[in-house]
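There are 2 protein chains.
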Amino acid sequence: MSSKQVSFLENLKKVLPDESVVQDELVLSENSRDFGQLSEMPINPIAVVFPTEAQQVQQLMQLATEFGMPVISRGAGTGVSGGVHVLGEAVILNLSRMNRILDIRPDDEIAVVEPGVINHDLNVAVAKFGLMYAPDPASYKMSTLGGNVATNAGGLRCAKYGVTRESVLSLDVVLADGRLIRVGKNTFKGVAGYDLTALFTGSEGTLGVVVRAVLRLRYLPVDERDVSLLFPSLEEAVHGVQLIAKARIQPAILELIDHATIQVLDKQYSTNLSASGGAMLLARLDGYGAAREEEAIREVFADRNVVLSSAGSSEATQLIEMRRTSRGDTKDDAYRTGEDVAIPKSKMVEYVHRLQAAAKQERVDLRMISHVGDGNLHPTFSVEPDDVGDPLARLHRAVESSVRIALEMGGTITGEHGVGLIKKDWLPWEQSADVLQLQRSIKSLLDPLNILNPGKAI
Amino acid sequence: MSSKQVSFLENLKKVLPDESVVQDELVLSENSRDFGQLSEMPINPIAVVFPTEAQQVQQLMQLATEFGMPVISRGAGTGVSGGVHVLGEAVILNLSRMNRILDIRPDDEIAVVEPGVINHDLNVAVAKFGLMYAPDPASYKMSTLGGNVATNAGGLRCAKYGVTRESVLSLDVVLADGRLIRVGKNTFKGVAGYDLTALFTGSEGTLGVVVRAVLRLRYLPVDERDVSLLFPSLEEAVHGVQLIAKARIQPAILELIDHATIQVLDKQYSTNLSASGGAMLLARLDGYGAAREEEAIREVFADRNVVLSSAGSSEATQLIEMRRTSRGDTKDDAYRTGEDVAIPKSKMVEYVHRLQAAAKQERVDLRMISHVGDGNLHPTFSVEPDDVGDPLARLHRAVESSVRIALEMGGTITGEHGVGLIKKDWLPWEQSADVLQLQRSIKSLLDPLNILNPGKAI
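Quick mapping for you: the protein sequence lines, in order, are chains X and F.
Reminder that position 261 of the first sequence reads as 261 in full-length UniProt numbering, one-by-one numbering, no gaps.
Reminder that position 446 of the second sequence reads as 446 in full-length UniProt numbering, one-by-one numbering, no gaps.
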């Protein structure tokens, strides 16, 4: 440890409670990375700070500014883009102990939370008022709301309810120099000044540290109907998505699962779905219109070659639960990469065909699930480690192709995972030099010493 | 005209077509202001520039940068906050001739538009595909989408569908120095880099000039049911809002109209609504759930002292149309001021009581309509010009009280109109010095010469 680091930690321990500054090797190692699979190995941070109140975050940032010490803030670390990986000197600011739900105001339909509250815990707490917090990333049982805000997390229900940004009304943010500001408003509408709330949302800890959030809640649906639809082919399943749209049905959840993923589900859950279909749609209809929307879906597909789950059965609901965890359970590793592009909805079939061609060319296995309701695809590429002909290079080329093709079709390199470290090289493929420069300027404005999660996101 | 101004215009006319640079007195005067009622009289701009393509906007901004010439961009000028008032040397950039719908992609559920397209025209164009553009400010038949983006416009339907920001996916923006950048994405989801799209949205022409927008469309509802509910008192009407929420009904439109406004409607439309109620709610239920939501509302109020419009009648629909134009028709003048606060939904009764007390104390007439579904209130204050005891000073104090009380209750000074000029003095009541400074720094970053709508919004 350098003398600067020693001195920084000495000063930190003077102002923070003993139990807040942890240097245990295991804790350092656990906090050195997220779920992202990076070729470069993370190193240990010099310490992990666990604040319990905003003032401690301010004290940390004041010292970090004084010492020029990089600070990486994080929650549960369930991100998959390496957004909190430690690659150089850094202290980790772990906000998981700031986990109080400060207020639930059912009549205002808002909740006020600290950043360490688990997404699912908020939903449990507000359900008794007939309310829900809508954004539901796959990690919702583990990930923190602060992390959700930092990545502008998506999930299954955003087809209908929007992503995290649409549920964030106000943020308390500790700036790089330790000042605490409050941006946004407590109301659903509000246009006073610039939209700084949206600027901080999704900025991956590079512009400030969120220490309190006012979140909009939605009505817990009075009714939910789940339908699964097995199609002979992926093409027909994608066409089915257009038919649902043309019937002006707005599902809360609309997932597409390809044949390879159906086979994985069959293996995991001892089902035999792959025998009856080439691709599957899973739709959840909710609210007062759920029953009529379910009827409408059944009418749309009545005379088509589609196997629908029977009305009232729990089959589709179970499938949605299986789907929710189908990528969460199988983490990426060096030989398996899950991607996250989004493309305009009409381009789905063409995209998949080109993706399949790219995978075939590189002899890489491909399976795919998609939040097809909003054009967000999660293809998973994998190779056998002991395969001939540099499998890792082929994997890498297939993944890059998937991103390039998405961009050629007017898509984006990341629908909901964030840029982190893993997608940083691709950002200039999507954004012009002027836009990149503008983002760097905004970063410099808010973090002139470049101590907030340096090197990430932009 | 100063020699700088002469030289600027000479240079401008060299690069732009003759018909694009207008100095006709009537046109100058028409373009000197919006619908906002400011005590200070606007002056004429030195010219009004009507570009027909983005490149002309770039050429204008290059020259403006060279000459340090302030540029105020505008659309139809239906704003009510003085956001495009001319108070000093300025050229007006009127984008109304850039009014092409560039593309409608029904399967992608997006439209690509130039900024001068009228909100309503886009809705007419996309209706044939079963789609709609959701944000519907009162001015939707006149106002431009560029103006809607500049003010992050709201409207009636945002109770369910969100404000303009939720429908803006991507923007082409000409920067102060004439560079053209594209921010955002063509997809519903996308988290690459900072949310610059949201930063430009609602920035009131102070950060750049929007020359193209990719807008998200929604499904045109398959069913719409309108219900009017007349309550004995305002208190009971507001309680009714909570009962609707507790039944987890999400109206597309939920408007509250007070007794004084009902009397105005009675006078305008020769109705006799005020005889049967003290306050009115107007609800529009839409989509597949419309019929069931209407049933649910009728159940909620079955045993209460509430007069509901009969099922299947057009009464409530007519009332919603009357309501849509009830403030648009009566523009503000020196003796009448319409306000635009938003407050947390639970505070509505308390707010109205305090508002009434403030109006009474200042002997000012008060009537009020409210987008009550999202807590956005539009009280209108008025005095008789020939009344004794400085009526304008009393009017001014009552208006200021309405804003202060909203802030005391955790509200905002502007729910949807924007800050413009008229609310600039109130912004420091809502936002801290640090937040104001941060916004000014962002402004300086994007507009170092302070030539983009200087003195507005922040």
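Treat the hints loosely; a few may be bogus.
Going by beta-carbon spacing under 10 Å, a handful of chain X positions derived as facing chain F [to be verified]:
#: 1; residue: Phe-35
#: 2; residue: Pro-344
#: 3; residue: His-396
Result set (DSS-like, lysine-lysine): computed pairs, CA atoms no more than 27 Å apart in a straight line [stated by the list, open to error]:
#: 4; chain 1: F; residue 1: Lys-267; chain 2: F; residue 2: Lys-141
#: 5; chain 1: F; residue 1: Lys-160; chain 2: X; residue 2: Lys-160
#: 6; chain 1: F; residue 1: Lys-128; chain 2: F; residue 2: Lys-160
#: 7; chain 1: X; residue 1: Lys-267; chain 2: X; residue 2: Lys-141
#: 8; chain 1: F; residue 1: Lys-246; chain 2: X; residue 2: Lys-160
#: 9; chain 1: F; residue 1: Lys-267; chain 2: F; residue 2: Lys-246
#: 10; chain 1: X; residue 1: Lys-128; chain 2: F; residue 2: Lys-128
#: 11; chain 1: F; residue 1: Lys-128; chain 2: X; residue 2: Lys-246
#: 12; chain 1: X; residue 1: Lys-267; chain 2: X; residue 2: Lys-246
#: 13; chain 1: F; residue 1: Lys-4; chain 2: X; residue 2: Lys-160
#: 14; chain 1: X; residue 1: Lys-267; chain 2: X; residue 2: Lys-360
#: 15; chain 1: F; residue 1: Lys-267; chain 2: X; residue 2: Lys-246
#: 16; chain 1: F; residue 1: Lys-160; chain 2: X; residue 2: Lys-128
The hints are simulated quantities; they were obtained by calculation from the structure and are not laboratory data.
No residue lacks a Cβ here, since even glycine has one placed at the ideal position from N, Cα and C.
Hints and how they fare:
no., hint, in the structure
1, Phe-35, "violated (16 Å)"
2, Pro-344, "holds (4 Å)"
3, His-396, "violated (20 Å)"
4, F:Lys-267 - F:Lys-141, "holds (24 Å)"
5, F:Lys-160 - X:Lys-160, "holds (11 Å)"
6, F:Lys-128 - F:Lys-160, "holds (22 Å)"
7, X:Lys-267 - X:Lys-141, "holds (24 Å)"
8, F:Lys-246 - X:Lys-160, "holds (20 Å)"
9, F:Lys-267 - F:Lys-246, "violated (35 Å)"
10, X:Lys-128 - F:Lys-128, "violated (42 Å)"
11, F:Lys-128 - X:Lys-246, "holds (11 Å)"
12, X:Lys-267 - X:Lys-246, "violated (35 Å)"
13, F:Lys-4 - X:Lys-160, "violated (54 Å)"
14, X:Lys-267 - X:Lys-360, "holds (23 Å)"
15, F:Lys-267 - X:Lys-246, "violated (43 Å)"
16, F:Lys-160 - X:Lys-128, "holds (22 Å)"
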